[in-house]
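*Asks:* The residues making up each chain are set out below.
2 protein chains.
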Amino acid sequence: MNKKAVVLLSGGLDSATVLADLTARGFECHTLAVDYGQRHRSELLAAERVSQALGGVSHRVVAVDLRAIGGSALTDDALDVPTELSEGIPITYVPARNTLMLALALGHAEVLGAGCIGIGVNAVDYSGYPDCRPAFIEAFQVLANLATQAGVEGQHCRIDAPLMHMTKAKIIQHGLSLGVDYSITVSCYQATDAGEACGVCDSCRLRQIGFEEAGVADPTRYAQS
Amino acid sequence: MNKKAVVLLSGGLDSATVLADLTARGFECHTLAVDYGQRHRSELLAAERVSQALGGVSHRVVAVDLRAIGGSALTDDALDVPTELSEGIPITYVPARNTLMLALALGHAEVLGAGCIGIGVNAVDYSGYPDCRPAFIEAFQVLANLATQAGVEGQHCRIDAPLMHMTKAKIIQHGLSLGVDYSITVSCYQATDAGEACGVCDSCRLRQIGFEEAGVADPTRYAQS
Chain A
1 MNKKAVVLLS GGLDSATVLA DLTARGFECH TLAVDYGQRH RSELLAAERV
51 SQALGGVSHR VVAVDLRAIG GSALTDDALD VPTELSEGIP ITYVPARNTL
101 MLALALGHAE VLGAGCIGIG VNAVDYSGYP DCRPAFIEAF QVLANLATQA
151 GVEGQHCRID APLMHMTKAK IIQHGLSLGV DYSITVSCYQ ATDAGEACGV
201 CDSCRLRQIG FEEAGVADPT RYAQS
Chain B
226 MNKKAVVLLS GGLDSATVLA DLTARGFECH TLAVDYGQRH RSELLAAERV
276 SQALGGVSHR VVAVDLRAIG GSALTDDALD VPTELSEGIP ITYVPARNTL
326 MLALALGHAE VLGAGCIGIG VNAVDYSGYP DCRPAFIEAF QVLANLATQA
376 GVEGQHCRID APLMHMTKAK IIQHGLSLGV DYSITVSCYQ ATDAGEACGV
426 CDSCRLRQIG FEEAGVADPT RYAQS
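Note that the protein sequences, when read in sequence, are chains A and B. When we follow our numbering, the leftmost residue of the first sequence carries the number 1, and every step to the right adds one. When we follow our numbering, the leftmost residue of the second sequence carries the number 226, and every step to the right adds one.
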């Protein structure tokens, strides 16, 4: 079995846990972060820290200018990040983001000869983004088998989403059992350059609830309000 | 029926024909070119010319740094573009390129509220790239229906590949019947900055054979050798 993997890192809690999980399962992990013009630039610094701390063998950053498309509070400065959890899909949804992330990971995996892509999507404590659901990941798996030269030659690249059915609390407990230091991760949609979290966006709220329900201290550094 | 479309333009012959085809079918076409660090930069200038000449309502360029990944003669200067048609998939294959292009088009379509994506893939006179085959496009259609907020709300975005089963000669005849001026297109993998073609790469050879078989004069400007 091919034990080389590409792991998508956002700098946040979930993808750090995926990296720790795949490393613990014996994978040689090559991490990939995508600079898509997101507001929360400190996530990219966090992704690099996470890769180094959790055994990433290499780390790449691919720049994609999604600001040329816009349509999300994360890629359009004219749209504010909401500070309350909302019904439905929030404006922080970035159109086709995970399709794009997985496409880049698939290309990187093919160049490296990796047989696995790790991604931290989750369909329990999440913001309702359509491209985090199991059916989406299954459809991408079918696509990946058809999309590449490696796939045509029968070397399929498996999409591994180990957090899909875990609660946020369970993810945190799993990561802590693997030695993840969550203080180096940044989940906030509008963190300061120093990586301090706002405490009120969707992503911050889901994270806070996770630490509460896991019964462990929240190591997040919050900006002074 | 939603008559707004995003059309992927490479600057080459096929995608120009797709734009002419969709425009003739009454679509309001928003064109998208992807600057992925390709060697043939003059293709991006050609894409803009094609959009203007063939009725594009808007034109965007999204930059994606695929040189961070490499693995193709088109994105790695250390790899030469072959000058002979070869057996198998040539080194000009860019890992997961069409998956990436379609992901960007899908995001753009969602922001615009477009119900169609036009793409010039072809599985007859082509270089054998896996992500040009009908099964790949069908798999992307399934993915697209699951990937976006629009899809979740039942507004599916249809992937339209009108050239899929045409010979290169048939594509040229179809385009000419719609008034396409192929002299403004650039297909060459290593065109000069002025858009002059090398005449010997895979893409040039397929294009030359197409004009020959169509029985029309080749308007391509070739570099003096």
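It should be emphasised that the hints constitute simulated quantities derived from the structure, not laboratory data. C-beta: ideal position from N, C-alpha, C; glycine also. Worth double-checking, as some hints may not be accurate.
To be verified - Some, not all, of what chain B presents toward chain A, calculated at C-beta under 10 angstroms:
(1) Leu269
(2) Ala348
(3) Val349
(4) Tyr351
(5) Ala369
(6) Val377
*Asks:* Are there hints from earlier that the structure breaks, and if so, what are their numbers?
*Replies:* Those not satisfied are hints 1, 2, 3 and 4.
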